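K.L.:
Please model the entire structure based on the sequences and the hints provided.
2 protein chains.
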Amino acid sequence: MKTADKEALKRKTNAKISRPEFFNIAISVDCVIFGYAKKELQVLLIKSNRKEFSELYSLPGDLVRPDEDLDTAPYRVLKEKTGMDDVFLEQVQAFGAIDRHPSGRVITIAYYSLIDILHHKLQLSDNDLHWHSVKNINQLAFDHKLILDTCIHKLKEQIMDHPLVFNLLPEKFSLRELQDVYEAIINITLDRRNFRKMISLKKWLLDLNELEINTPRRPGKLYKLKKEYSSFNGQKKK
Amino acid sequence: MKTADKEALKRKTNAKISRPEFFNIAISVDCVIFGYAKKELQVLLIKSNRKEFSELYSLPGDLVRPDEDLDTAPYRVLKEKTGMDDVFLEQVQAFGAIDRHPSGRVITIAYYSLIDILHHKLQLSDNDLHWHSVKNINQLAFDHKLILDTCIHKLKEQIMDHPLVFNLLPEKFSLRELQDVYEAIINITLDRRNFRKMISLKKWLLDLNELEINTPRRPGKLYKLKKEYSSFNGQKKK
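Keeping their order, the protein sequence lines are chains H and X.
Counting in this note's numbering, the first sequence runs without a single skipped number right up to 238 at its last residue.
Counting in this note's numbering, the second sequence runs without a single skipped number right up to 1238 at its last residue.
Keep in mind that the hints were calculated from the coordinates and are not lab data.
These numbers were taken from a predicted model, which means no experiment stands behind them.
Where is the CB? At the ideal position from N, CA and C, for every residue including glycine.
Treat the hints with care, since some could be wrong.
[Unchecked claim] Okay, the calculated beta carbon distance ranges per label pair:
#1 X:His1132 - H:Lys226: 37 to 43 angstroms
#2 X:Glu1021 - H:Leu208: 52 to 58 angstroms
#3 H:Lys202 - X:Lys1203: 36 to 42 angstroms
#4 H:Met160 - X:Ala1097: 29 to 35 angstroms
#5 H:Met160 - X:Leu1190: 23 to 29 angstroms
#6 H:Asn214 - X:Lys1154: 28 to 34 angstroms
#7 H:Glu228 - X:Ser1200: 26 to 32 angstroms
P.N.:
Below is the structure:
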């Protein structure tokens, strides 16, 4: 070990010894993965493996390892718990009430993402990993209901100003499908003409000059998100 | 101690013993307090009292106490370090690179606020607590420059869509003063007519039918933020 490294280690040890009660916390990350199916906003949940929360679902999450950067932890967790490795995760918020975790002081950082369910197949089925419609979720393990509600609130705030919901849809979609997604998220029925006017003003969409196929209704025109917006907020599709 | 409490304590102790290497982290909070003076965006800094960072400034911050909720910690820190107790703090982001702190693994949660410097006098002068123009800051202790830059980036993103900058100004202001604040934050000179058109479209302002006094220029009309926006984002003035 180099002298400088030894010095650094000594300083760290001294600091911990002088304030040991502060170095007594664990950090976890929790992933809020939103999808869209059956005209409803969905979230990915896993059965909690803790006795205190038996029969309850939780967000996929884990403790951050001592040798792991905070922002790489949620990617490792998502890969381990769901098999997915092509999802961009955005940090949302830290949750740190004193008694939020039964194992001791654990502060968690929530990350969220919007994905197209059909293009991100779940590769693992351990621990009862499934999509759940958010409107049917009344209780979750830990404070995960609060975390989920916080992420839904953030989503509602952002979808009118930013081209976010397109991450929930296939590449090509009709305006009817787009309106369905908005309605599922904000939980309000929108006027068709006002919605189309609002979307048109955003100038986010490219008209593909194609029509829907295999629809029981009159086929609608198909659109896709303009290229310049497709990496908005770092969201990506592989 | 009640049996249920004993059981809970036992579970916690067991969990920590089974994964002790995870309960080895400290959490800190850091406060990014923005102000506006001399036509420049300012931030409140304090001299670092750590030997490793001698002569460097840092954001006001401290470790979260074992018995302290995360979201109450920054208010305690701000009160202790600056004397201010009437500032609303919004959580911005967690920073958790492995080696960001010389004392060991410390993950920090940054909070920010915009305040009117004249109405929030600094009550303490310990540790060289002062306002600094952000454009002159090249280096800070820890990763505080990264934290500051992240907050400035967030501010730039938000000020066009949300009535935020008014928290930096006195209650009454002219459009010239308002434009100066915007220009200080985004660091770009704006066209006067375009700026006034943009602000007018927002419908944020109330025309007070008063004129500036004590100005060397031709007095401008005075405005204030409409009441319905004055608590936007929870920002408050006492």
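K.L.:
Now tell me, hint by hint, if it's right for this structure.
P.N.:
Consistency of the hints with the structure:
Checked against the hint of 37 to 43 angstroms, the pair His1132 of chain X and Lys226 of chain H passes, with Cβ atoms roughly 41 angstroms apart. In this structure the supplied range 52 to 58 angstroms holds for Glu1021 of chain X paired with Leu208 of chain H, their Cβ-Cβ distance being about 53 angstroms. Against the hinted window of 36 to 42 angstroms, the Cβ-Cβ separation of Lys202 of chain H and Lys1203 of chain X comes to about 20 angstroms, which falls outside the hint. Against the hinted window of 29 to 35 angstroms, the Cβ-Cβ separation of Met160 of chain H and Ala1097 of chain X comes to about 34 angstroms, which satisfies the hint.
At about 25 angstroms, the beta-carbon gap between Met160 of chain H and Leu1190 of chain X stays in the expected band of 23 to 29 angstroms. Look at Asn214 of chain H against Lys1154 of chain X: about 44 angstroms separates their beta carbons, and that is not inside 28 to 34 angstroms. One distance hint, 26 to 32 angstroms for the beta-carbon pair Glu228 of chain H and Ser1200 of chain X, holds here, with the actual separation near 28 angstroms.
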